[in-house]
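Colleague: For reference, the chains in residue letters:
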Amino acid sequence: MERLVFDIAHSLAGGLVLVSFMMLYQDRLSALINIFAVQAVLLALSVAWQAYMQQAPHLYITAAIALVFKAIVIPVALHRIIKQLGIHREIEPVVGIGSTMFIGIGLVALSMVVMMRVTGQAAPVAREDLAFALSVILLGMLMMVTRRNAVGQVIGFMSLENGLVLAATGAKGMPLVVEISVAFSVLIAFIVIGIFLFRIRERFDTVDLSALDRHRGGQ
Amino acid sequence: MGVWTFNPVLTVVLIPLLTAPVLALLPGYKLSARINVLAALATLLAASSLFFIERPLPGNYLLVDDLNIVFIVLNTFVAFTTSVFSASYIGHELETGKLAAPYLRFYHAMYQVLAFAMNLAFVANNLGLMWVGVEVATLTTVLMVGIYRTPAALEAAWKYFILGSVGIALALFGTILVYMAAQPVVGEGNNAMLWTVLMQNVATFDPALLNLAFVFLLLGYGTKMGLAPLHAWLPDAHAEGPTPISAVLSGLLLNVALYALLRYKLLLAASPGALAPGPLMMIMGLVSLVFAAFMLYRRRDIKRLFAYSSIEHMGIITFAFGIGGALANFAGLLHMVMHSLTKSAIFFAVGHIAQIKGTQKIADIRGLTQTHPVLGWGLVGGVLAIAGMPPMGIFMSEFLVVSSTIAHAPWLALPLVLGLLVAFGALLLRLTELAFGEPSGSTAAVKASVLPLYAHLALVLIAGLYLPPALVLWFQHVAAMLG
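Residue numbers (our numbering), protein chains in the order written: chain Y, 1 to 219; chain X, 1001 to 1483.
By construction, these hints were calculated from the structure, which means they are not laboratory data. By construction, the Cβ of each residue, glycine as well, lies at the ideal position given by its N, Cα and C atoms. Just so you know, not all the hints are guaranteed correct.
What the hints assert, rightly or not - Residues from chain Y shown here face chain X by an in silico Cβ test under 10 Å; the list is partial:
| no. | residue |
| --- | --- |
| 1 | Gly98 |
| 2 | Met101 |
| 3 | Ala126 |
| 4 | Leu134 |
| 5 | Ala150 |
| 6 | Leu160 |
| 7 | Ala171 |
Next up, chain Y with everything else stripped away, as it sits in the complex:
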């Protein structure tokens, strides 16, 4: 029975990494948003499972936040934004899908090797959770680097934060303060981003950051 409990935790965390990979090769923004929603659902399940395993009821709150806020509210809002901006049908060029995937595989391998070697003394669940979490974080960063579009970068950042939440909940008994702060930071970050998108749209007719590059100030 205990074995099964661990296995479920692992497959959920592994699922997050898999979905991160799926995000890497999406070339349409609307598809990307949908996949992000899937990742958020997986995160919510994973956190809820941790709450059950650790018998830490406060983690259910984190899970609920992930489910309601990240899997429903944000994707709906983003879909509306890209529709209003008229970029929902456009194909976004992702820099060389093949090479991006290879870099992604390298990053996952790196985080596995590093975390497994380093966390010898920690509990086995926590170790593997941490390794998966680091993979999700690194893949999120990779996505932020390879996307040129502001919405794409924001999704990359949120996927990175999913990895952070996974790590924080995997660390057994980490004080509630931190989980709430993580959730709050997502909220605040999104308000900021919302303002940004609004302003950017107001000034330009596109949220493509390459349009912003033209306005770079004097060096």
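Given chain Y, work out where chain X should sit, using these hints.
Modeller: Okay, now just chain X, sitting in the frame of chain Y:
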């Protein structure tokens, strides 16, 4: 102790937090600017009282010790002088129509939120709380940088937001790893997040986890400090935001990240099995110094010029703390204080100059000492000080850094001195262009508040000539603490 006794630590955090909503609601910028100054002054007084009043014992959330008291007092002091400068600067922005009245309400409220977040990061005893402080400070400055809403300002804010968030995220991951290292030893829950508890027990933590955590923390908080190669946000954010914010960014916010890094360095130094954090910090510091020194030559924008100078000086400070030992730590602390005072003074001058001339391009600003002697000579004094001319305080701290380098790692003194000289040359070159020669641009008189500018310069000069023995003793004590 009753609940209502005066607690200076809590006061330092609460005054700005409670002032912010008031400022957000009040119309009329003159009143808000005054309240802003008053609140900053009250925070400064509360912080200074920490020297005299018996300190509260470290609790679950807040902590004051000999290390962070230096940071808190410096932070509240510069926040106060900047608020005085900001009052006259913002008045001018309103007259020229660069900022609309509703944005000013927002601006003043954000100023206090920023002060709150920075003070929170300094007094936090809890790793998570400190991280929250840095996070909130980052988000407020992002909003402030974008406040002019010009395309360039929006791009600067966006860049700052993206890079700053990645830095913050890496720092959080590092924090989680530190918790993971502490948890098997001190048990689950809040205890494993407290500096005071961690410092006592760190010798028994898993060193491998601590090492990995430090790498993430160095990258994360290093981004916030503007260390090369993670500095890309810094020049843009300084150049495009309102100048009081440039002063706060350079003088204070970089110190917040530095403080966080120093705390973790202390933690690692106390663990016998963990890697020595020194060499990593030395490398990053030296790279930032040399890189920024060469970048100084090609700047065309006056605020960008001094932003790169901030990268250079954060490099020197990180390098000094990386060397470690009583002398180098002393030099690092002194240099940090001197840099904060001088750099914010320079931005006070630059802010008014850019307003008069209506441009930030160095090529369009000439002969300042003739047209605006008070501001012009203030700028000359500030730039001479930041370049490391004797007898200003920065000369002394740079001298100490170099001599402790020669004592510990002589071959590293070469790139260090090279970087210092290159930066010196670049700054003097630009200074002669700005301050002397045929005057150009507007010569209109300006209602400038030069008091903060000259107060800072006077402090830097006095520190170069004579450091009070009490201050020296204090710094020596903190330097010994830092190991």
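Colleague: All the hints need checking, so say for each whether the structure fits it.
Modeller: Quick rundown of the hints versus the structure:
1. Gly98: 25 Å, violated
2. Met101: Constraint on Met101(Y) not satisfied, violated at 21 Å.
3. Ala126: Since chain X brings a Cβ to about 7 Å from Ala126(Y), closer than 10 Å, the hint holds.
4. Leu134: Leu134(Y) check passes; min Cβ-Cβ to chain X is 7 Å, inside 10 Å.
5. Ala150: 7 Å, holds
6. Leu160: Holds, about 6 Å.
7. Ala171: With a closest approach of 5 Å, the Ala171(Y) hint holds.
Checked against the numbered hints above, the structure violates hints 1 and 2; every other hint is satisfied.
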